[in-house]
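Let's have the full structure, built from the sequences with the hints guiding it.
One letter stands for each residue in the lines below.
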Amino acid sequence: DAGITQSPRHKVTETGTPVTLRCHQTENHRYMYWYRQDPGHGLRLIHYSYGVKDTDKGEVSDGYSVSRSKTEDFLLTLESATSSQTSVYFCAISEGAGLGNEQFFGPGTRLTVL
Amino acid sequence: SQQGEEDPQALSIQEGENATMNCSYKTSINNLQWYRQNSGRGLVHLILIRSNEREKHSGRLRVTLDTSKKSSSLLITASRAADTASYFCATDAKTSGSRLTFGEGTQLTVNP
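Chains as they are written, first to last, in the working numbering: chain A, -16 to 97; chain B, 397 to 508.
Hints listed in this document are in silico derivations from the structure and should not be mistaken for laboratory results.
Keep in mind that a hint or two might mislead.
Here are the simulated DSS-like cross-link-like pairs (lysine-lysine), alpha carbons at most 25 Å apart as the crow flies [unchecked claim]: (1) B/K490 to B/K452; (2) B/K422 to A/K40; (3) A/K40 to B/K490; (4) A/K36 to A/K53; (5) B/K422 to B/K465; (6) A/K(-6) to A/K40.
Structure, rendered in structure tokens:
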């Protein structure tokens, strides 16, 4: 988990409220990713970023938005949280394609939507 | 559907035994990676094997890749209780840029 932090680590919220999760890195890696992990589904990519202000959708992007205004920060926003978004969210970073693109993961955020 | 699928879903062995996990995938890849996840933690990268490689070693880990069968295996030799974790394969498809697609994982339990 070195060099990557996520905040908050745990959050309980109510249906319909907006929620923002933060990922912060100190590695100066170009790529950042948001995944969700659910039983029976493994890790699924929500959104990713390939540079400041450059983002793209993953396979489960509906209901989520992201922003990256600085290299070190990647924010994930649930615009109006639903119970189906209860999950563990992981941020990851990598140097990028052509450099092995192994990913380094943060410790995760456990989100519960009531 | 998942690009990578691990088999078995769960594996229970005794300390000292070898553990073998398999991964199958569907499209052409640049590389395949294996990760470990301890309970309640983030994933940790273990090893990467490129599409032009057939076998790779790292300590007690041995990874093989058969691109003709679109499959890979991870062997952990002389397992320890500390190896208890979930293991995931992740594929870097040729068309995916820097994105990885993860399988659902194999839960390995090593009994002391």
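Do the hints match the structure? See the list:
no.: 1; hint: B/K490 to B/K452; in the structure: holds (21 Å)
no.: 2; hint: B/K422 to A/K40; in the structure: holds (21 Å)
no.: 3; hint: A/K40 to B/K490; in the structure: holds (18 Å)
no.: 4; hint: A/K36 to A/K53; in the structure: holds (8 Å)
no.: 5; hint: B/K422 to B/K465; in the structure: holds (9 Å)
no.: 6; hint: A/K(-6) to A/K40; in the structure: holds (24 Å)
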